[in-house]
Every structure is written in C-alpha cells, then in structure tokens.
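Q: Here is how the chains run, residue by residue.
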Amino acid sequence: MSEDRDLILRLRDRDLSALGELFDLYRHQVYRIGLAIVRNPQVAEDILQDAFLKLHIYAHRIDPERPLMPWLYRVTANLSYTYVTRNQKRSADLDQVTDQLVTPGLLAPDRVTERNEFQNNIRQAIETLSNNQRIVVILHYLATMSIQDIAEVLDCPVGTVKSRLHYARENLRHLLSSEQMVSGFAHGYA
Amino acid sequence: MDMLNQFQRFVQGDDASEVDALLREEVQAAYPVQKAPTSPDLLFDRLMAHAEALPQLPSLETDEILVAAYDTEACVQTNEHGSWWGRFFRSRRLEHAPEAQFQHTQRLSQELQFEVYREYLENNLRQVRTGVGLNPM
Numbered sequence: 001m002s003e004d005r006d007l008i009l010r011l012r013d014r015d016l017s018a019l020g021e022l023f024d025l026y027r028h029q030v031y032r033i034g035l036a037i038v039r040n041p042q043v044a045e046d047i048l049q050d051a052f053l054k055l056h057i058y059a060h061r062i063d064p065e066r067p068l069m070p071w072l073y074r075v076t077a078n079l080s081y082t083y084v085t086r087n088q089k090r091s092a093d094l095d096q097v098t099d100q101l102v103t104p105g106l107l108a109p110d111r112v113t114e115r116n117e118f119q120n121n122i123r124q125a126i127e128t129l130s131n132n133q134r135i136v137v138i139l140h141y142l143a144t145m146s147i148q149d150i151a152e153v154l155d156c157p158v159g160t161v162k163s164r165l166h167y168a169r170e171n172l173r174h175l176l177s178s179e180q181m182v183s184g185f186a187h188g189y190a
Numbered sequence: 001m002d003m004l005n006q007f008q009r010f011v012q013g014d015d016a017s018e019v020d021a022l023l024r025e026e027v028q029a030a031y032p033v034q035k036a037p038t039s040p041d042l043l044f045d046r047l048m049a050h051a052e053a054l055p056q057l058p059s060l061e062t063d064e065i066l067v068a069a070y071d072t073e074a075c076v077q078t079n080e081h082g083s084w085w086g087r088f089f090r091s092r093r094l095e096h097a098p099e100a101q102f103q104h105t106q107r108l109s110q111e112l113q114f115e116v117y118r119e120y121l122e123n124n125l126r127q128v129r130t131g132v133g134l135n136p137m
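Read top to bottom, the protein sequences are chains F and B. Residues 1 to 190 (my numbering) make up the first sequence, in order. Residues 1 to 137 (my numbering) make up the second sequence, in order.
In short, the hints are calculated from the structure, not lab data. Just so it is clear, the structure is predicted and the values come from calculations on it, not from any experiment. Do not take every clue at face value.
Just a few of them, taken from the derived set where beta-carbon distance is under 10 Å, the chain F residues facing chain B [what the hints assert, rightly or not]:
| no. | residue |
| --- | --- |
| 1 | Val-30 |
| 2 | Ala-44 |
| 3 | Ile-126 |
If you want a taste of the chain F side facing chain B, the calculated C-beta under 7 Å gives, among others [as the list claims (entries may be wrong)]:
| no. | residue |
| --- | --- |
| 4 | Arg-32 |
| 5 | Leu-48 |
| 6 | Gln-119 |
| 7 | Leu-142 |
In silico negatives: residues of chain F with every beta carbon more than 12 Å from chain B [what the hints assert, rightly or not]:
| no. | residue |
| --- | --- |
| 8 | Asp-4 |
| 9 | Asp-63 |
| 10 | Leu-68 |
| 11 | Asp-149 |
| 12 | Glu-152 |
| 13 | Thr-160 |
| 14 | Ser-163 |
Cβ coordinates follow ideal geometry from the N, Cα and C atoms, glycine included.
Between the sequences and the hints, there should be enough to build the whole structure, so can you do that?
A: What follows is the structure, given as structure tokens:
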C-alpha cells in the first residue's frame, strides 16, 4: 500500500521508472483479468499495455492513499468489456487460453490431475454462460469487484448486475450438476 | 477440504454467502495468475506515440515527458533499481537519442516562431499606440 503510494507519487512527478515498477508489480493480475474476459492472449496483452498507458496518463487523478489494484481492475474491466461488446464473435478458442494457464505446483501429481479436471469444469461452465453473465462472474469472483463498481464499469443499474449474478450462479449450478459432470467427478473420486 | 464435497456444497448449497465464498474460491483457482507476456517495447512505443501525438508546445506536458524519458539523471536512478525496465530505458534512450534531439530542435524552432510572431505583434501594437502605420486622417 505504501509502496503503491510512493510509486504513484513518483509517477505523478513524471518518473517513468515508477511506471515500470508498477508494471512489474501488477501486470500478471491485470493480464489475468483481461484474458479471462476477452479470451484472446494478444488482445489481453494490448489491454494490459493500454491499462498501464492510462495509468501514466491519469496518474494525477489517482488517490495515492488508496490501493491501486482496484483502480487497475476497473480500467482493465472497462477496456475488456469495451472490446467484448465490440467483438461479440469469439476470437479465441478456449483451448488456446486453457493451454496458457499456469497451474500452481502445490499438489501431488495425482491430486493435480483431479484438481485440474475440477477447475476445467468450473472454467468451462463459466465459458458457456452468456457474455453478460460471464463478465459479471469474472469481475465479481475473479477481480473481486463490488456490485456497485461492476455497475459503474458496465454502465448499468446495480439491480441489473445483481440479477445477472443471480442467474449466472443458477446456470453454473445447473451446468455443474449435470449428469455428465457429476459422473465425471464421482469417477475421479471413487 | 475434499473437492467433491466442496463441489456438492456449491451445487446443493442454500446459504448464499457460503455459496458466494465457495464460488469465489473456485473461480480464483480456475483462472490462476499467470505470467503476462513481457513486452516493455510495446508499452514504451505507446508512451512515445502518446507523447509525440500531443501538441509540441513548450509549456505542455509533452516536453516534461520527453525530458523525463531522456534525462540522464533519471537514467542513472532507474539503473539503480536493477530491473529490466531500467536496462530497457537505458538501451532505448540510446536508440531514441537522435529522435530526442530532433524533438528538441523542433521545439526550439517552434519557440523561435513564437518569438518572431510575438515580436511582430508587439511591433504592430507599438505602431498602433504611437500612431505609426495608421492611415492619416
């Protein structure tokens, strides 16, 4: 937090190395959110660059006393949402994204396989949601944004976000409890 | 926690806050933090493009950006951090040095034009004040 503060103040003084340090600190999280929403590594990289370019441009408007990550998430969500709404057609195959995901190596090999299967199912279920529901799920559960913040990013009423989130949860429940998925899990854990 | 139990708790759960917490945990795990491609070149190019796109007037921030980007002292400071960013800027500064000189020359040229224009205006104003140049009645 105090590191954020110092770096933002330095950036306000046009110290570009501060931008580089912020880029080093947060680029992975920003890229993660961008990629989850746009599902295209090249576009996610562009969004990553744009987010930090905006940080450079609007550094003087950022409150240095508050953590930077929520601000970066909002900008990333905004850029990603704009891209998705302009390019409704899927531009990347899910497999292409899945291949790039790095799995933390904390579990034993057999547990890793089970865990991967479980996470793949969650991810696939999220991917089958409509764009509106998927983006709300990613912003709320992955970017940990509040309903209010999501409403501002998406430029829609808070009630709409709540409704999308409610239906997204119901759809996920339905998708994850389908015969095939349950039997897959049961088999994996037998 | 057993993953199957966790999964079943989500699928069958009634407690909204519990379901919410579970879902957050699972979504976080399903989209792990991953290495973003390191492309400082692109960010640098975009910063430069942005700086160059701004009007090149001496009083505007453009000059500050360029000064910050090419300032030798700042270069030493970034190198002390020892990051790729510092090394990158050092190399790119050298690479962009002729361009920076061009920008500087361009700025001087604009300042000169402003100076000439201001002299022209002041001269005209003086002529008006002293009656020189006005058509005689």
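Q: Give a verdict on every hint.
A: Outcome of the hint check:
For Val-30(F), the shortest C-beta to C-beta distance to chain B is roughly 7 Å, which falls under 10 Å, so the interface hint holds. Given hint, Ala-44(F) at the interface with chain B, holds; its Cβ is 8 Å from that chain's nearest Cβ, closer than 10 Å. The interface hint given for Ile-126(F) holds, since its Cβ lies 7 Å from the closest Cβ of chain B, which is under the 10 Å cut-off. Hint on Arg-32(F) holds. Least Cβ distance to chain B is approximately 5 Å, under the 7 Å limit.
Given hint, Leu-48(F) at the interface with chain B, holds; its Cβ is 6 Å from that chain's nearest Cβ, closer than 7 Å. Taking 7 Å as the C-beta cut-off, the interface hint given for Gln-119(F) holds, the closest approach to chain B being about 4 Å. Hint status for Leu-142(F): holds, given a least beta-carbon distance of 5 Å to chain B, under 7 Å. Every CB of chain B lies more than 12 Å from the CB of Asp-4(F), the least distance being 16 Å, so the non-interface label holds.
Listed as a non-interface residue, Asp-63(F) keeps its Cβ farther than 12 Å from every Cβ of chain B; the least gap is roughly 20 Å. At roughly 16 Å from the closest C-beta of chain B, the C-beta of Leu-68(F) stays outside 12 Å, upholding its exclusion from the interface. Interface exclusion of Asp-149(F) from chain B stands, the closest Cβ pair being 15 Å apart, more than 12 Å. The non-interface label for Glu-152(F) is consistent with chain B: the shortest C-beta to C-beta separation is roughly 20 Å, beyond 12 Å.
With a least beta-carbon separation of about 18 Å from chain B, Thr-160(F) lies farther than 12 Å from that chain, consistent with its non-interface assignment. With a cut of 12 Å on Cβ distances, Ser-163(F) stays outside the contact zone with chain B, its closest approach being about 14 Å.
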